[in-house]
Amino acid sequence: MPAGLNAGGDGALSRKDFATDQDVRWCPGCGDYAILAAVQRLMPEIGVPRENLVFISGIGCSSRFPYYMNTYGMHSIHGRAPSIASGLKVSNPELDVWIITGDGDALSIGGNHLIHLLRRNVNSQLLLFNNQIYGLTKGQYSPTSEAGKVTKSTPYGSLDHPFNPAHVALGADASFIARTMDRDPKHLKNTLKEAHTHKGSSFVEIYQNCNIFNDGAFLAFTEKSSKPMTTLYVEHGMPMTFDKGKQGLRLNGLTPEVIDLTDGYWSVEDCLVHDATDKALAFILTNLFWQPDLPRPFGVFYQIERPTYEDLLHEQLNEVTERRSNGDLRELLRTGDTWSIGA
Amino acid sequence: MPAGLNAGGDGALSRKDFATDQDVRWCPGCGDYAILAAVQRLMPEIGVPRENLVFISGIGCSSRFPYYMNTYGMHSIHGRAPSIASGLKVSNPELDVWIITGDGDALSIGGNHLIHLLRRNVNSQLLLFNNQIYGLTKGQYSPTSEAGKVTKSTPYGSLDHPFNPAHVALGADASFIARTMDRDPKHLKNTLKEAHTHKGSSFVEIYQNCNIFNDGAFLAFTEKSSKPMTTLYVEHGMPMTFDKGKQGLRLNGLTPEVIDLTDGYWSVEDCLVHDATDKALAFILTNLFWQPDLPRPFGVFYQIERPTYEDLLHEQLNEVTERRSNGDLRELLRTGDTWSIGA
Amino acid sequence: MAETIDTAVQAIPEATILFAGDSGDGMQLTGSQFTLATAFAQNDLATLPDFPAEIRAPAGTTYGVSGFQLHFGSVNIRTPGDDVDLLVAMNPAALKVNLHRVRPQGTIIVNSNAFVKRDLDLAKYESNPLEDGSLERYRLIKVELTRLTRETLKDSGLNHKEIDRSKNMFALGLALWLYSRPTQPAIDWISQKFGKKPKILDANLLLLKKGFHYGETTEDFVVRYEVSPAKLKDGMYRAIRGSQSLAWGLIAAGYKSGLSLFYGTYPITPASDILHELSRHKNFNVVTVQAEDEIAAVGATLGASFAGSLGVTGTSGPGVALKTETIGLAVMTELPMVIVDVQRGGPSTGLPTKTEQSDLLQALYGRNGEAPMPVLAASTPGDCFFIAYEACRIAVKYMTPVMMLSDGYLANGSEPWLIPDPDDLADFPVTFATTLNGEADGEKVFLPYARDKETLARPWALPGTRGLQHRLGGLEKQHETGNVSYDPDNHQFMIKLRAEKVERVAQEIPPTEVNGVATGEILIVGWGSTRGSIEAAVERARMKGQSVGSTHLVFIHPLPPDLQEVMDRFETILVPELNNGQLIRVLRERYTGNFQPLNKIKGLPFRASEIEAALDELLTTVTP
Amino acid sequence: MAETIDTAVQAIPEATILFAGDSGDGMQLTGSQFTLATAFAQNDLATLPDFPAEIRAPAGTTYGVSGFQLHFGSVNIRTPGDDVDLLVAMNPAALKVNLHRVRPQGTIIVNSNAFVKRDLDLAKYESNPLEDGSLERYRLIKVELTRLTRETLKDSGLNHKEIDRSKNMFALGLALWLYSRPTQPAIDWISQKFGKKPKILDANLLLLKKGFHYGETTEDFVVRYEVSPAKLKDGMYRAIRGSQSLAWGLIAAGYKSGLSLFYGTYPITPASDILHELSRHKNFNVVTVQAEDEIAAVGATLGASFAGSLGVTGTSGPGVALKTETIGLAVMTELPMVIVDVQRGGPSTGLPTKTEQSDLLQALYGRNGEAPMPVLAASTPGDCFFIAYEACRIAVKYMTPVMMLSDGYLANGSEPWLIPDPDDLADFPVTFATTLNGEADGEKVFLPYARDKETLARPWALPGTRGLQHRLGGLEKQHETGNVSYDPDNHQFMIKLRAEKVERVAQEIPPTEVNGVATGEILIVGWGSTRGSIEAAVERARMKGQSVGSTHLVFIHPLPPDLQEVMDRFETILVPELNNGQLIRVLRERYTGNFQPLNKIKGLPFRASEIEAALDELLTTVTP
Ligand SMILES: Cc1ncc(C[n+]2csc(CCOP(=O)(O)OP(=O)(O)O)c2C)c(N)n1
Ligand SMILES: Cc1ncc(C[n+]2csc(CCOP(=O)(O)OP(=O)(O)O)c2C)c(N)n1
Ligand code: SF4
Ligand code: SF4
Ligand SMILES: [Mg+2]
Ligand SMILES: [Mg+2]
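Protein chains in written order, with my numbering: chain A, 1 to 343; chain B, 1 to 343; chain C, 1 to 624; chain D, 1 to 624.
Calculated directly from the structure, the hints in this document are not laboratory data. Everything numeric in this text was worked out from a predicted model, so none of it was measured. Careful, some of the hints might be misleading.
Stated by the list, open to error - Some chain C residues close to chain A (C-beta under 8 angstroms, calculated; not the full set):
#1 A8
#2 A11
#3 K142
#4 I251
#5 E292
#6 I295
#7 F306
#8 A426
#9 P429
#10 T431
#11 A433
#12 R466
As the list claims (entries may be wrong) - To give an idea of the interface, some chain C residues facing chain B are shown, with a C-beta separation under 8 angstroms as derived from the structure:
#13 E54
#14 I55
#15 A57
#16 G60
#17 E136
#18 I200
#19 S279
#20 K282
#21 T519
What the hints assert, rightly or not - Listed next, the stretches of chain D that the computed footprint assigns to chain A, with coverage defined by at least 3 CB atoms under 8 angstroms from CB atoms of chain A:
#22 58–68
#23 265–276
#24 290–298
#25 548–554
All C-beta atoms, glycine included, are put in the ideal place defined by N, C-alpha and C.
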């Protein structure tokens, strides 16, 4: 094979090997840069050959992503990436499929494809860049924008009650649900790695700052000053504490409440221990959403194993083919009632 | 007004007043007849003038429904009824809007409109006729069909993991979620009545038998013999017992388990008491879905009050109009920088 | 048992018969069994099933009537027949709905037991037509089907419902006798269908025989008919329905190309049967995906094409309307894909179970921006096989989405089909890009939008191919590199290039054939399912010595290069369409000629006589 | 302060200037402020903003260049200008991208401080054009914008970023001086914009003046220009952009009809601004709904129409592709609805921020089945107001969906607009059905599909109206009763009836006007945003004594009844379009004439000179 081809070849690849010659065209300061960096850093670690990686996106600022990855990719049309990715993965399960989408792309026009991808459990990683705004169209509110938001299209404030993305995913019976943010590169990269390790549709919501049209939407969770009190990092098997261990979360019946771990009354033992396989717990946890005095959880909320769509499909295909042996066209055309005329 | 008009007029109306001159064209024995009967019986009770009732449906056997109601109606296109109903309700909040849909119409092609209707909380009743099959197109599996289902389009069994409709609704943050069935006319009618009383989007899943393409899908819940053990009727504020009070449901941590109320060890006091305002409980309850040894719940699972989309919209409209007074076109055209030429 | 009378036998060249009854009466089954026997009798034939929109409409209602029409003969049969020679009516509604189709002096067999008050009312008959003499223009034969059936089966051990449901077998037996058809095919079929239900099996066989004998024994029939074998080309034949043959054409395309066939779809009448058929043949490396809607279906199909499958998505008009945006993406990404549109009555939901040709302009122009693509149309049930194959071949060869048009009549209609030899199908070579094909500042690079000289196709480089990583998308592409380009000149260049590529498909079009006279007064230009009626009409015209020819378009975009020249050989061009005039718009725009439309928009195919009439009228007007 | 030199003043009839710089340089603002001053100077004008697809492309890159072109004069101005007289380039990239537009000997003002290594590299300049003599064909004026700005504001208390960002004010001031424009409008605007930010306010005002004085004091400028007021019709004027005027046309329709305006949409470039504008005017009883997608948007709009609102849905090509199925439902339910398509570069995502006319055929034919609807096109930014109004009026009068076509150039371009008097707008009467209108077996009944004699419109009966309960739907409707009907003859009748209804809209079309010679050699037939360029070209042709006229179509379906007759008065018909030839297909299909296409598909409007050239060529070829 010609020299050039080795370019895509083996040997330890570095982050740079995953960059393309295309200039990255996001606004300076956009959170998308951090996500791109994290993904490019992760790629060499997961050790999948570049040619087996495919990034499929819809339309939006975030959906420009594939142009910047030296892998196969498609910048498709608005909201349809999950469908295109499904057909791709089913046709060639060897491929490592990543879906890049935004809060408008995935939850507005693409909502239906999203929930059907998740229920079918097509093995892929879906990265939802949630900036709570329509960036590319220059700043209208999105299905994740807080109610009352003043935008170009809602000068008097938006009326729609926002989606809780994690709940939408849970309602669709996703097998992997996580949340992370652009401003925490380490957690971002690790979460993506776990998503990649998971076999099935991995739903990863990434809080991403749009510094042009919705700057600071997640400031409370990213600013050094407030972050400790507002963010709760959960890990399977670990007690739920935050604020540098000074506070914890416990369940009172089905209601989560914050406990003070400093005054000696409550201790870590009293804290809820995260079980990522417990669907009910995942629901209660992700219900911590714009709730005063309660932290916002980050991490892998839910993860279970169930068969992937493409595995089931190919098992069936093979099973039928074995039972009936490879189809013979000449035979097929003559099955059933035939008759001859002449000789 | 001409005599004829009084036809639509006041005075006690009866079930018959809501029938049209069109022959009902469902297959003999179809569960849809029972639902039509229940709705026609309910109408006089809720006392809404016929002319203020609008039934909007998509496409499917179930979506033929509006033709049989002597009210306003639209048999629209596949999956779009929630959108059409939203525009209708927003334009005239006086109207009492009912959405009629099927498991394919609402959860397959119409999934996105469904979840957006629910999150916006447009005041309307959505009746999802779930027969776990595509009836009108003569028997392909639907998003609620059990995995492995053999149908016209899946001779070797379907592969898709089915939706749990109540979870989809919960994931979309619906304000009213209930389940009932065609074979229990009384519960059906009462549930529809509660849905109508609720202000907001009321999501009602109705188990409906398609005796042609999916006969007996819900037999376990409808047959006298098995029904007591398989069905759990929940009511707000009441303990969860079934099997004529012989069995009950309790929570072990977050896990529901059946308890025997006859052997004296457990009593009704130990049973879970239904609280329709508790979202987490609603999730756990509706998670009882194709789970061996656990009953299937029916009734109103979840109900909370939150502002409806059309109320917010008209409040904003009025508020702005009051503040800026009714728009004057001549003024509008002259706002901003103008200059005169000549005279 | 009564002695048998031997009825006079009359040899006839062709006949049209129509079985009609309730959806529950099994008329479709009766019809297809009669068709099978007729095929074995080696007649040429064409069928037209006609069922209600309702799944199971209430018994006895006119809108619940299901019918199956069959036209067969020793001569060439091209249509399901204009006027009916024999109507079998299982109840008053069936008679009411179909009487107008029966020719004067035609035979009508009715189940007289069904002509009772309730059913007469349901059919909205004031008086009983069997008694009020309203049928005297026909040869009426009353058979107590219900009673005879019950008697025959009283000891069968079947319950009432089962017994009454089987009376169609009696009718079938009688019809087979009347037209001297073999009973063996039906017997074989029944035997293997009900093999596991001995009671039902015996009952059906018994009734079939009874019905046959009834013909022999009753004196109602003055004559019995014989239709000798048709002079068909030698070879092995089978009866085939359009949806089956279309599905098989796709399978053949996968088979010959070595590509895995990916069929992404969402059920819709009358396209669903393609899915049903394909899903039965997974051992041909056929993947069928029933998506959540048409948009997801075409999206998944495009993704599959990107991955190297033979991507096909099938639907009907309303589904195509939903797919157009994604088809535009296929035009831009230049990936091979076939979109099958099995047309039905429109607009909107329209007449979902009826046939129509009203999606042609949508196929040609129904996309945003300049998004040309090849459009092919099948013309008979068996032809669907070859057009499906050709559509796939062109999609891959030219790296373009291709629209294939069928319709409800083709999908449900059937005809005897000379089984093709797979080796005779056109070659279907596929080459995937594996090496770098360009250079940029001294470095070898991959140019995903480089062009093949002959076809202008771009290379098909599959994900998984080392070193050929590239990104596709819906934004305008730079020539060769395929990078996003906002350059004005590049945009115009690419628009023209994509158009030119599709025009090049004309290379694939064989010289236009004219059926009938090669030059003369009237040329009929048709497309799609109207072929049979048109050619039947031309045949009649020629018998009348009229100077008429016809040509049938397979390629509607691009059009045959020699079409103008062919049309120039005629004074008038008649364009019959089952729409309000769509192909004629295209012809008028691109060609010169005296174009005359003939439109029928009734959800039904043309009768040959309707086209014949149009010819007669034109000829009297044009020739003084 | 240096003494002022009084520069020679030269009076010119017209000028074209172009401000270009980084997205961050505020060129759009500079341009619109200059436009405002020009409007006050009572010149006629046309503008062409041109921004990158990226929200904020990296500074200094060529694809990050944002431009604003303005053509103004004392004569009639119909286009944003062909060749640029003055280019203001804030950095090398801006110069690189726009130099080719500048006429020989044209003036170029550059920010010389920006021509440093880094920026030159970003713009891919090998050598510095300011020094390598490559600009000698132009009058180059180097201004140290950055340095002058920093000096001016060193004590302003603003930080570096803020200071550098305001250098466009200096440029504005200089440009205003060069063309003798009033500074007051800009001063007023700045004052109220930054009223709350005194520091910024003072800085901007200061820079504006400094820029103005710079002109007076520097010796770089040999002449200064004066453009006297244009002879415009008397009256009150304003500058208006197409999206604003379109939105106001819809508001006017609601206002005059008394209907509540319901605008259901989903954001998409370049249509979003209509939503943005409408959402600011809720006190006109305007409801705006941002739906989850285009399908939901058109669905909600149709529901609103059913309820009695004036339903309008706006989008661009890809959005129309998604709406077609629902538009078909509107055709079948015969509810009034307006679909606005602000066209952009296609196919697929294409060139989203560029202009094009390539959705015409989709508008005419992009639906399943026979689903005709009126199609209207606006031709100037101000015209959008009147066409939007007319589209609404026709939709309601004929109870039909109507497609209105605009495009990116109209949406973003602006022109001086003679403010119309609301009383002069056509009447917009609306009647809702309130009484039973038919009889069935002796009973009075409501017939939702009864017809108005003149328009063939069916009655609009709103839910909530006692006694008129009825059911609409997508299945074929029975004439008058509106019940579902599978009757073949009814289907054909209804198809023809719906088509005839749309044809009747021709009653609304005024006699075709011809601009230029009334009969002669070449008639230009145009539609949409090409009007300005076409009429400018015709004017030039007439000055050259060429026998050329033009007519511009507002109604593309139905077409004007007198169009053939008008075209017959010319030997050749030239059809310029910003697509690959769409209207010309329609003309060729329906009319006779020697039709010649002129197509430009570069995402940019025609230059008058391009059409002029086509005329010259045709005339030399047609006249021997
Ligand atoms: C069919 C269609 N409708 C609308 C658009 C316009 N559009 C492009 S991106 C977008 C939303 C972008 O928001 P999001 O998905 O959150 O991505 P972001 O830009 O915020 O990263 C919209 C409405 C389109 N391109 N195609
Ligand atoms: C756009 C479009 N796609 C597909 C169809 C075909 N279709 C009609 S109804 C239906 C599904 C019906 O299933 P469901 O919604 O469960 O209703 P049911 O008939 O079971 O009551 C489908 C696929 C259609 N009419 N329109
Ligand atoms: S608009 Fe927002 S989301 Fe888009 S590139 Fe700019 S900062 Fe990022
Ligand atoms: S097909 Fe099934 S759902 Fe449809 S009408 Fe018949 S029984 Fe009912
Ligand atoms: Mg976003
Ligand atoms: Mg169903």
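Structure-based check of each hint:
no. : hint    : verdict
1   : A8      : violated, 28 angstroms
2   : A11     : violated, 19 angstroms
3   : K142    : violated, 33 angstroms
4   : I251    : holds, 7 angstroms
5   : E292    : holds, 4 angstroms
6   : I295    : holds, 7 angstroms
7   : F306    : holds, 6 angstroms
8   : A426    : violated, 14 angstroms
9   : P429    : violated, 17 angstroms
10  : T431    : violated, 16 angstroms
11  : A433    : violated, 11 angstroms
12  : R466    : holds, 4 angstroms
13  : E54     : holds, 5 angstroms
14  : I55     : holds, 5 angstroms
15  : A57     : holds, 6 angstroms
16  : G60     : violated, 11 angstroms
17  : E136    : violated, 32 angstroms
18  : I200    : violated, 19 angstroms
19  : S279    : holds, 6 angstroms
20  : K282    : holds, 7 angstroms
21  : T519    : violated, 48 angstroms
22  : 58–68   : holds (count 4)
23  : 265–276 : holds (count 7)
24  : 290–298 : holds (count 4)
25  : 548–554 : violated (count 0)
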